[in-house]
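Chain by chain, the residues:
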Amino acid sequence: MDVTIKIRRYDPEAEQPGSYWEEFAVSVPDNATVLDALIKIREEMDGTLTLRCSCRSAICGSCAMRINGHAGLACKTALALVVDENNAITVEPAGVMRVIKDLAVDFELFWDKIRAVEPYLQPAGAEPEGEYIASNESMLHLSGVTACIMCGACVSDCTVLEVDPTFLGPAALAKAYRFTADPRDGNREGVSRERLRNLSEATGMWDCTRCNECVQACPKGVAPMDRIMALREQAVEAGFTNNNGARHTNAFTESVGHSGRLDELRLPIKSVGGVTNVGAMLSYAPVGWRALTHGKMPPIRHKNVENVENVRRLFRKLDPELAGPQIGRNSPFG
Amino acid sequence: MKYAFFPGCVSQGAAPELYPAAKLICERIGIELEEIPGWTCTGAGVMQEKNLLFADTLNARNFAKAEQMGLPILTICSTCQGVMSQANKRMTRDPEYLAEINHHLADEGLEYQGTAQPKHLLWILIEDIGLDKVTELVTRPLAGIRMAPFYGCYIVRPTEALDIEEHPERQTSLETLIETLGATVVDFEGKTRCCGFPILTINEKNSMAMVGKHTSEAKDLGADAMVTPCPLCHLNLDGYQPKAAAQLKRKVDLPILDMPQAIGLAMGIDPKDLGLQKHIMNTQPLTVKLGARR
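As given, the protein sequences belong to chains P and Y, one line each in that order.
Heads up: the first sequence runs through residues -19 to 314, numbered per my numbering.
Heads up: the second sequence runs through residues 66 to 359, numbered per my numbering.
Quick caveat, the hints were computed from the structure, so don't treat them as lab data.
In this text, all values refer to a predicted model and were calculated from it rather than measured experimentally.
Even glycine gets a Cβ: it sits at the ideal position worked out from N, Cα and C.
Among the hints, a few may not be true.
[Stated by the list, open to error] Stretch by stretch, here's where chain P covers chain Y in the computed footprint (C-beta under 8 Å, at least three residues): (1) 219 to 231; (2) 273 to 286; (3) 304 to 312; (4) 321 to 335; (5) 338 to 344.
[Stated by the list, open to error] Just a sample of chain Y residues kept apart from chain P, beta carbon distances all over 10 Å, derived: (6) Lys67; (7) Val75; (8) Leu123; (9) Gly147; (10) Glu161; (11) Asn167; (12) Gln178; (13) Glu234; (14) Ile264.
[Claimed, not checked] Here are the in silico distance ranges between beta carbons for each label pair: (15) Asn287(P) with Gly95(Y): 28 to 36 Å; (16) Gly201(P) with Leu313(Y): 52 to 60 Å; (17) Glu230(Y) with Glu213(P): 27 to 35 Å; (18) Glu234(Y) with Ala218(P): 39 to 47 Å; (19) Leu313(Y) with Ala104(P): 42 to 50 Å.
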């Protein structure tokens, strides 16, 4: 198979450093991976091409890079499946992290975030006589997340990190979940609660936009975003609800549970803690005014769906704590 | 063709221009819409982080009602599309889970058989109706208009939930539609990134940074307008563009169209009937260029 590999290159020692595209025409077997082609280029065409790789079997996590604009492992990506109609692909370094040279990026940002979540077991209480025992059942759901090989593909494509490098990001948050959900870690008291408290702060779990980029990018099925959603559930359950993220998810569920649909007028107000949050209310004012003058305001009177009693019955049954005994009567959403 | 219509909350709330615009173009194309009686919110991914079972049960309830109608589901909201597809996968690949959900639905005499295949109007136009039909109805081609596609997240990821492998054409559906309408596609990096809407009340600065990044990128590539199949993206990219531009300390002024509005314009429908005046960003430079309005 004759393919064209278009590589985004960068040489910090060049007279005028800056990234540029370079094309390589290379002939590889039909079943070649992207990494096979890159290695062939390095060995036969340009020895200065810089990239990281080691195992060639999607185990070591060294060769994450952007292929056709999206992060993945070069060794796990079959060329034939990603070439365009001209048998060409683009290869770029992973996003978010600083490029050192060509396809090699500086992982400092990645490791800083992993270290920030204290990625080690912190059991509570007295030490047992032997080892810490965890049942098979209690660990099964963690098998997906422990498959993480720290390749950085999720961090590369994270839509939040792209605009805000202070966000903890998908890899570290998934790693945090691996401990908050481990029955040996603090047992929901002390340590785990402390973890959830810290992760509920700014730059933590609530800053994720649920864009699914990390789920798509992860080569090992860790589904970091799903773990972040599970962290949110844990945090709300543990009572860390004094933040806009937790208020938003509770208010959203209440709105739908009571009326069947979303009350778009009241949701943002409840998310910021009510009309008494003067700062937030003032910041909404210009947007609200523009919406009002363009006839874009959601209805003032939020209507219930027909046969809403059926929705409320499900709400009572499936989320009794949030539904409360007064559902349908003193509903916060009227 | 007739469909069980799932409009979604936003098309009847904060994006009141979308619902009538979609109805208008469906009528012209010959798509008959019968709204699912008493449909509920899909949860938009938000309820899913609080109580997945409750959210999935509400989606199953909508699906069961559509099954009773004997019609395939049509939605005009990408977020609804993504959330429904994900919920549907969870239920249909796990019979025990579906049985648990059906147990809760039984109180109301409903049962979800697992046959629903919810589809966005964008996909329906390409896969069910065929773009030839749309081409036939284009009386005012958007010639000379440079249009940037904005997919957002839910209609492109995760690919497994959206059956992208079986339907690779879905990944370029918006570009295909733009070309069918006679406009020129402005390809840009941000087209499948997040618009920032889900974190609007949580981290407004980041949300505005996303709006600013995508709209200014398209604008700098010469876009006259951006078009999106997602009303939530529209809310943020249009409604919050002034705020985002202020944060970026620059002018952007990019009109954002709901997908049915772009189709309606090409079909020669009056911009007013499509609700273009309801947008926060002025659409007049676009309609003037198009000759739809002086």
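Checked hints:
Restraint check on the segment 219 to 231 of chain Y versus chain P: 4 residues with Cβ-Cβ distances below 8 Å, three needed, restraint holds. With 3 residues bearing a CB less than 8 Å from a CB of chain P, the segment 273 to 286 of chain Y meets the requirement of three and the coverage assertion stands. Figure legend: the segment 304 to 312 of chain Y, annotated as covered by chain P; annotation consistent (4 residues with Cβ-Cβ distances under 8 Å, at least 3 required). With 0 residues carrying a beta carbon less than 8 Å from a beta carbon of chain P, the segment 321 to 335 of chain Y misses the three-residue requirement, and the given coverage is violated.
Only residues whose C-beta sits within less than 8 Å of a C-beta in chain P count toward coverage, and the segment 338 to 344 of chain Y has 3 of them, enough to reach three; the restraint holds. Distance check for Lys67(Y) against chain P: the nearest CB is about 21 Å away, which clears 10 Å, and the non-interface claim stands. In this structure Val75(Y) is not separated from chain P by more than 10 Å, as the shortest Cβ-Cβ distance comes to only about 7 Å. For Leu123(Y), the shortest C-beta to C-beta distance to chain P comes to about 7 Å, within the 10 Å cut-off, and the non-interface label is violated.
Under the 10 Å C-beta cut-off, the non-interface status given to Gly147(Y) relative to chain P is violated; the minimum distance is some 8 Å. The Cβ of Glu161(Y) lies farther than 10 Å from every Cβ of chain P, with a closest approach of about 16 Å, so its non-interface assignment holds. No Cβ of chain P approaches the Cβ of Asn167(Y) within 10 Å, the least distance being about 12 Å, so the stated non-interface status holds. Here Gln178(Y) stays apart from chain P, with its beta-carbon at least about 19 Å from theirs, past the 10 Å limit.
At roughly 14 Å from the closest C-beta of chain P, the C-beta of Glu234(Y) stays outside 10 Å, upholding its exclusion from the interface. For Ile264(Y), the shortest C-beta to C-beta distance to chain P comes to about 5 Å, within the 10 Å cut-off, and the non-interface label is violated. Our hint of 28 to 36 Å for Asn287(P) and Gly95(Y) holds, since their Cβ atoms are close to 31 Å apart. The hint said 52 to 60 Å for the Cβ distance between Gly201(P) and Leu313(Y), and at roughly 37 Å that hint is violated.
Between Glu230(Y) and Glu213(P), the C-beta spacing of about 30 Å keeps the proposed range 27 to 35 Å intact. With their beta carbons about 45 Å apart, Glu234(Y) and Ala218(P) fall inside the hinted range of 39 to 47 Å. Take Leu313(Y) and Ala104(P): their Cβ atoms lie about 47 Å apart, and the range 42 to 50 Å holds.
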